[in-house]
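Here's the letter readout for the chains.
There are 2 protein chains.
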Amino acid sequence: MTYRTLHAGRSDNPRKLTVEPPDGHSVSYAMLGRDGSRDIVAIKTSYKHGLDKGRAEQHYYTALTLYDDLTGLPVAMMDCSRIGSLRTPAVSALLARECAAPGARSALVVGTGTQGRLALPFLLTTLPELDRLMLFGTHPEGLAAVRAHLHAHAPGRELEIVTDLRAAAAEADVVVATAGAHTPAAVEADWLGPGALSVLVGHGLAPSTLHRADRVIATSAAQMQVTGTDMADAAGELRSVDAEFAPVLAGVVPGRGSDTERVFAYNSGLVVTDIALGHRFAQLALAQGLGTEVPLWR
Amino acid sequence: MTYRTLHAGRSDNPRKLTVEPPDGHSVSYAMLGRDGSRDIVAIKTSYKHGLDKGRAEQHYYTALTLYDDLTGLPVAMMDCSRIGSLRTPAVSALLARECAAPGARSALVVGTGTQGRLALPFLLTTLPELDRLMLFGTHPEGLAAVRAHLHAHAPGRELEIVTDLRAAAAEADVVVATAGAHTPAAVEADWLGPGALSVLVGHGLAPSTLHRADRVIATSAAQMQVTGTDMADAAGELRSVDAEFAPVLAGVVPGRGSDTERVFAYNSGLVVTDIALGHRFAQLALAQGLGTEVPLWR
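Line order of the protein sequences matches chains X and C. Be aware that the first sequence starts at 13, since it is given in the working numbering, and climbs by one per residue. Be aware that the second sequence starts at 13, since it is given in the working numbering, and climbs by one per residue.
Extracted from the complex, chain X is given alone in its bound form:
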């Protein structure tokens, strides 16, 4: 719905603002968007501090402020971290629904962080016929967490921990790469079988999967140019995008051209998806009387 409205030109999702001090110890973002179907304007901000330190010493704050653009009144300000962690796998699942080959049965998730843990539960909502669920990861506690999440959301489904990434990739109809920047995993294009869909959320795919794909889809071509530079080829070039996901989801452009095409999909977050999910959460929270009313404006 969010993507369809964006495609219809009734939403706005301008590029984000970024501020970093010269020493790079922190980074801040501000994003502004408008959802033309919900009539919601929202600002998403994030501030990350301690990039020069270990993960335990880092601080990360992200907030979403929603205004009702019909009444002109503020709706809520909310922590955006959970929203951000949920909207990305939801979009990966939609990408899989639109771009996976018909009859896809096997999925491989690379990475066991927040995104790795949520990938399979969401994938199963759009592709319930998946019957082989593979996971590649290097952190034992992460592997256990992915299994726990899967069993909580889909009791009875089996998780297959793989160690031969190449063999697993060859057998996967859908690969979702969610690993961190330091992952040893790098699935190559020629490991993939015919018809494979590879979705890049974090890391775990080699640039060849982009450059040798039969079709490239991105949630935002402009954002991919900014944040996807690690996928550049030897000449420093990024392959251009065949279609953005909004027209694919709107049914205007096909997600794939044939059953055997290898499709590469780049999933970077759009603030309009934060708005959609954040507004739903805010409605539920307000209905339950959650939150604190703050006298910010008098």
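Derived from the structure by calculation, the hints contain no laboratory data. Check each hint, because a few of them may be wrong.
The list treats identical chains as interchangeable, and a pair is accepted whether it falls inside one copy or across any two copies.
[What the hints assert, rightly or not] Here are the computed lysine to aspartate or glutamate pairs in the DMTMM-like style, where the Cα-Cα straight-line distance is at most 25 Å:
no.: 1; residue 1: K60; residue 2: D91
no.: 2; residue 1: K60; residue 2: E32
no.: 3; residue 1: K65; residue 2: D80
no.: 4; residue 1: K65; residue 2: D51
no.: 5; residue 1: K60; residue 2: D242
no.: 6; residue 1: K65; residue 2: D91
no.: 7; residue 1: K65; residue 2: E32
no.: 8; residue 1: K65; residue 2: E153
no.: 9; residue 1: K60; residue 2: E200
no.: 10; residue 1: K60; residue 2: E256
no.: 11; residue 1: K60; residue 2: D80
no.: 12; residue 1: K65; residue 2: D35
no.: 13; residue 1: K60; residue 2: D35
Let chain X serve as the given structure and place chain C on it in line with the hints.
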């Protein structure tokens, strides 16, 4: 201080994001900045609704969120409307200190809204030798409010309400134009005397004051290109800026070249000035135990 740090390249003040629906009934902005002397990162947001309605039916919300970039912790989120209304006349007063002719004694304020009411009290802090304080306005309650503000801040100072704008402009060493977009006031360049400084905050100066000035200063040349389009000449062109205010305040560039130059100064708000004032207010408020602690991030 804020401008000096900006000039020294230790602060960041990127362009703002804007979102408007196609029918223009609302407008939203997001600004992100970093103050390199205070080590504060801040996001300023504003949302205005009801632009198609009368002022009484409009909604306007603006908020400033501050992060301490040394500790990485949030400082406060605060209403930014009062901050925004104070930082602008403070900058006008600094512009007057740096760019008015030596021995300036007379000031003319055009407009009686929020900015008109604060203009003279601030001007008197940087130019206490001003002894002729003129005001042009069209709203009786606005004229009374300007007088009340002046007397509250500078008891004993007289305010001269002028009706002949041209004659008043000819006698003013400093003109500060703060009127609303629908003002009938439009001071022309050839009304001004030698050495006059004209500062544009809102409306009230004709484009000739910019185009025929001997020197043009702007708080931000880039912002002036975006927000100053009503000052374009008949060909739609804006005269380029001779200097930004940051190097003037830093003492690197002179505010004027001679006692008789006519200087035009464009005062548009920079988020770094919101940060400076907002941080000071937040420190004072926290010291007094004001505000509400909200469990936004857990």
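Now the hints, each set against the structure:
Taking the shortest Cα distances, K60 and D91 sit within 25 Å of each other both inside one copy (14 Å) and across copies (23 Å). Only within a single protomer do K60 and E32 lie at most 25 Å apart by alpha-carbon distance; the minimum there is 10 Å, versus 28 Å between protomers. Taking the closest pair of Cα atoms, K65 and D80 come within 25 Å of each other only across two copies (16 Å); inside a single copy the shortest separation is 39 Å, beyond that limit. Taking identical chains as interchangeable, the C-alpha atoms of K65 and D51 lie at most 25 Å apart only when they sit on different chains, with a minimum of 18 Å there against 41 Å within one chain.
Taking identical chains as interchangeable, the C-alpha atoms of K60 and D242 lie at most 25 Å apart only when both belong to the same chain, with a minimum of 21 Å there against 39 Å between chains. Taking the shortest Cα distances, K65 and D91 sit within 25 Å of each other inside one copy (23 Å), while across copies they are farther apart (33 Å). Taking the closest pair of Cα atoms, K65 and E32 come within 25 Å of each other only inside a single copy of the chain (16 Å); across copies the shortest separation is 39 Å, beyond that limit. For the homomeric pair K65 and E153, the shortest alpha-carbon distance inside one copy (22 Å) is at most 25 Å, but the shortest distance between copies (57 Å) is not.
With identical chains, the CA atoms of K60 and E200 are never at most 25 Å apart, being 32 Å at best within one copy and 50 Å at best between copies. With identical chains, the CA atoms of K60 and E256 are never at most 25 Å apart, being 29 Å at best within one copy and 31 Å at best between copies. In the homo-oligomer, the alpha carbons of K60 and D80 lie at most 25 Å apart only across protomers (11 Å), although the nearest pairing inside one protomer, at 28 Å, exceeds that limit. In this assembly of identical chains, the alpha carbons of K65 and D35 lie at most 25 Å apart only when taken from the same copy (12 Å versus 47 Å across copies).
Taking CA atoms no more than 25 Å apart as the test, K60 paired with D35 passes inside one copy only; the shortest distance there is 14 Å, against 36 Å between copies.
Consistency with the previously given hints fails for numbers 9 and 10, ordered from lowest to highest.
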